[in-house]
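K.L.:
Quick mapping for you: the protein sequence lines, in order, are chains C and U. Going by the numbering used here, the letters in the first sequence line up with residues 1 to 404, in that order. Going by the numbering used here, the letters in the second sequence line up with residues 1 to 404, in that order.
You may find that some hints are simply not true.
[Unchecked claim] As a list, the in silico DSSO-like pairs of lysine-lysine whose alpha-carbon atoms are at most 27 Å apart: (1) C:314 with C:115; (2) C:211 with U:314; (3) C:318 with U:318; (4) C:29 with U:211; (5) U:115 with C:314; (6) U:29 with C:248.
Derived by calculation from the structure, the hints in this document are not laboratory data. Note that this is a predicted model, so its numbers are computed, not measured.
Number of protein chains: 2
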Amino acid sequence: MVNIAVLGYGTVGSGVVEVINTNHEIINKRAGEEINIKYVLDLRDFPGDPVQQILTHDFNDILNDDEVKVVVEVMGGINPAYTFVKQCLAAGKSVATSNKELVASHGPELLAIAKENNVNFLFEASVGGGIPIIRPLNTSITADEVTEITGILNGTTNYILTKMDQEGASYDEVLKQAQDLGYAERNPEADVEGGDACRKIAILTSIVYGKHLDYTKIHTEGITKISTEDFKYADALGVSIKLVGTTKKEGDTLYSFVAPMMLDENHPLSGIHDVFNGIFVHGNVVDDIMFYGRGAGKLPTASAVVSDVVDEVKHMGKNIMASWDAEALPIGDFRDAVNRFFIRVSADAITKDEIQKLFGDVTYVTAEGVDGELAFITSSMTEGSFADITAKIDKIFSIIRVAF
Amino acid sequence: MVNIAVLGYGTVGSGVVEVINTNHEIINKRAGEEINIKYVLDLRDFPGDPVQQILTHDFNDILNDDEVKVVVEVMGGINPAYTFVKQCLAAGKSVATSNKELVASHGPELLAIAKENNVNFLFEASVGGGIPIIRPLNTSITADEVTEITGILNGTTNYILTKMDQEGASYDEVLKQAQDLGYAERNPEADVEGGDACRKIAILTSIVYGKHLDYTKIHTEGITKISTEDFKYADALGVSIKLVGTTKKEGDTLYSFVAPMMLDENHPLSGIHDVFNGIFVHGNVVDDIMFYGRGAGKLPTASAVVSDVVDEVKHMGKNIMASWDAEALPIGDFRDAVNRFFIRVSADAITKDEIQKLFGDVTYVTAEGVDGELAFITSSMTEGSFADITAKIDKIFSIIRVAF
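If we strip away everything but chain C, and leave its shape as in the complex, we get (with noise of 0.2 Å):
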C-alpha cells in the first residue's frame, strides 16, 4: 500500500479524490500497489462529506508522515503551493501538480530537487488538462528533433472563439454566456488575455528543449480585440481563428508566441473546438502528429494527475523525468519572427496603390456585409517590419496571424 495526500480540495482535488475512488481496481492494478488517500488538506471543513475524516488544515501533518510517500499538489497559485512543494520533494516525497503557474515559474528548480532526492515531480495535467502530452514528449518523441510545436491551450477562449464562429456573436455577448455556463472566470483575463496558454506554452517549449523558456519574455496577444466581423471573413476564406500558442524552429532560431491565428482545414489543429484543446508537434522524423481532448475540467484533469502518481508509485526511488535545466532557453527576438498578416484597415485611411507601395503584393479579401474597409493577407514578412509599417497606418480594425 502506497500512502498519498491530496493538497486542496477544491475542484481537481475533488475530481483526484473521486477518480481515485471510482476506478480504485484499475487503477492500482496498474500502479502495482494500492493507493490510500491518507490526508487531504484544506482550511476548510466539508461536514457531510466523507473527505471529514481524512481532512487535515496542517501541512506538517503531511510533511511529517513518512509514510506518505507521493504528495498531489492541486492548490493552485504560487504560494503556498511551492513552498509546500518544495518541502515535499526535499522530504523524499514525490510530487504530481496541476499547477501551470508553479510549473512554469519554478519547474527547473521543482525538478531538480526532486532529481536530487531520488523521487519524481511530474505535472501531467498543468498543460492539456486531461490530454497525454507531457508524459508523450518526454518519453516517446524522443527520437526526433521537434521542430515546431503549437496548441490550443485555453478552453475557455476556445469556447468563447468557437461560439463567435458558428452563432455569429459578439465576444462581449459569448464571454457573458461563458461566464453563466461557468466557463470563464468572473475576471477572466488570465484566460482572454493569454496568459493561461503562454505559461502552457512556455512549460512545453522548456520539456522539449530542456532549458528554460521564461514566459514572461514570450510576446502574448490575446482574443479580446476578435470581431465578428473577422469570422465573416474567416468564413469567407473557408478558415477558423483560433489561439495558439506556438514555438518554432527558423534556422537555428526559436520563435515563440502566443496570439490568435487564422488555420486552413489541412491544419489538425483548425478542427478542434469548443472547450477541448490540441496540441500539435512536428518532428525532423516522426513529421507531423497530434494530441486532442478535454483541455480543462474537474474529471479530465484529475485523471492526468491520478495518471502522475501511477507513474510516481511505479517508479519509487527512480527519478523518470527529463531534465529541464534552469539556464534560460535562447530565444529569437519576436521582431526577427517571419509571419504573414491578416489586416483590416479602413478604406478612408489608405488606398490600394499605398498598400502595395507598403506592403509590396498582398491578397485581399471580402466577407459579405462587410463594408467601407480594405482587407488583406500580406506575403511572409517579419514582425519587425510589420509592427513599423502598421505603426504609420491609422484606423486599423484588426490583425490576425496565418498559419497558411
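Following the hints, put chain U in place on chain C, whose structure we already have.
P.N.:
Only chain U this time, still in chain C's reference frame:
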C-alpha cells in the same frame, strides 16, 4: 555506450539507421548513453552503402554477442522474426519491433519472456506508425476505465477513401493510382480487406484490457465494396466514410470489429485524411482523447522504433511494459453488437411500407444523381437482427455502419 543490432535492412530498417545517424546527438542525450549500431542483419548485400561495414548474414553473430543489449526487429512477417525475437529476449536482450503480425500473434508470450528475463519487448511502431499510442496507453491512460478505442489504423485505405471522396473516383481507379504512387501494395488485400487494421485493433485492445484478443475472432470487413454512390450520400449527409477498427464496451461486454463507418463532423476521426491515422480513446474520467499522425512511412515508423530503443536503453534491467496475459479476452458475439446502419436497396426490390415493417422507423436519405434506389439509416439494432432482416432482401447495393 550501448550496442544495438537491426534485423532487416528494408524500408523501416534503413529508416532506423537513418534516424539514429541524423539525430545522433539528441537521441544520445535523451537515452543518457551513446547508441551504437553494431550489426545490421540482412540476407542481401548493399555494396556502396556504409551499412555494408556492419552487415552480417548470420543472426548468431548478434545472438551470441553479449555486447548487444538491444535488438530492433523490422523484418516483418512471423518467421523467422518470431524465433529471432524469442531467442534475443531469452538471451537478455531487449527488443523493439514494428511488426504488427508478430505482436498480434505472439505478443503475450514475448512480453512474458521479456519480463522473466528482466528486459523489454516494445512495439510502439506496430500500430499507428509514428503516432505515440502504445506507450500512452501503457503509461498515461492509467487512471481511466477505457470504454472505447476506435482508430483509423490503415493509411492505404484512408488514402483511397479520401481520394474517392475528394475526386469522385471509383475504388478501382483510386487503388490503381495508389499502387502507382507506392501507397498501396501490388497485392493490396491485407490493407483493403481490413486485415491490417484488424491486427492493430487487436493489439490496442489487448494492451488496454490486459488480456489477449485473438485477431481472428474480430469481425472484419474491408473497403472494396465502397462505391462512388456511397460518397454521394455521404456528401448529402455531410459525413465522411472511414475504415475503422473499434472496440467498445456496452454494459459489461466488449464488442470489437473492423468495418467502414460513416462519421459525422463532430467525431474527432472524421477530419483525418490521406495516409494519416488517428486513434480515438474514451475513458470514463478523461472523456474523449485522440492521437493523430503518420500511420506509416519509413521515417515516421522508424521514429517510433527508435523511441522504443531510447526507452529500452533508459530502462536496462527494468521491465516497464504493462502485462498482457495470454488468457483470452472475452468479447461479445458480434451478432449481439448494437449499431445503426446506412443501407441502399434497389427500388425494384422493396417498398417503403416493407422497409417500415422490417426495420421500423428509418431516416431516408437522397443524393443528387442517384436514382432507382432507396437509401436510409436504421435505428440502433443488433448486428444479428440486421443480418437476419437483410438476408431477406434482394439487391442490396451497400451497407455501411453509422457512428452518429
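K.L.:
Of the hints stated earlier, which fail here?
P.N.:
none
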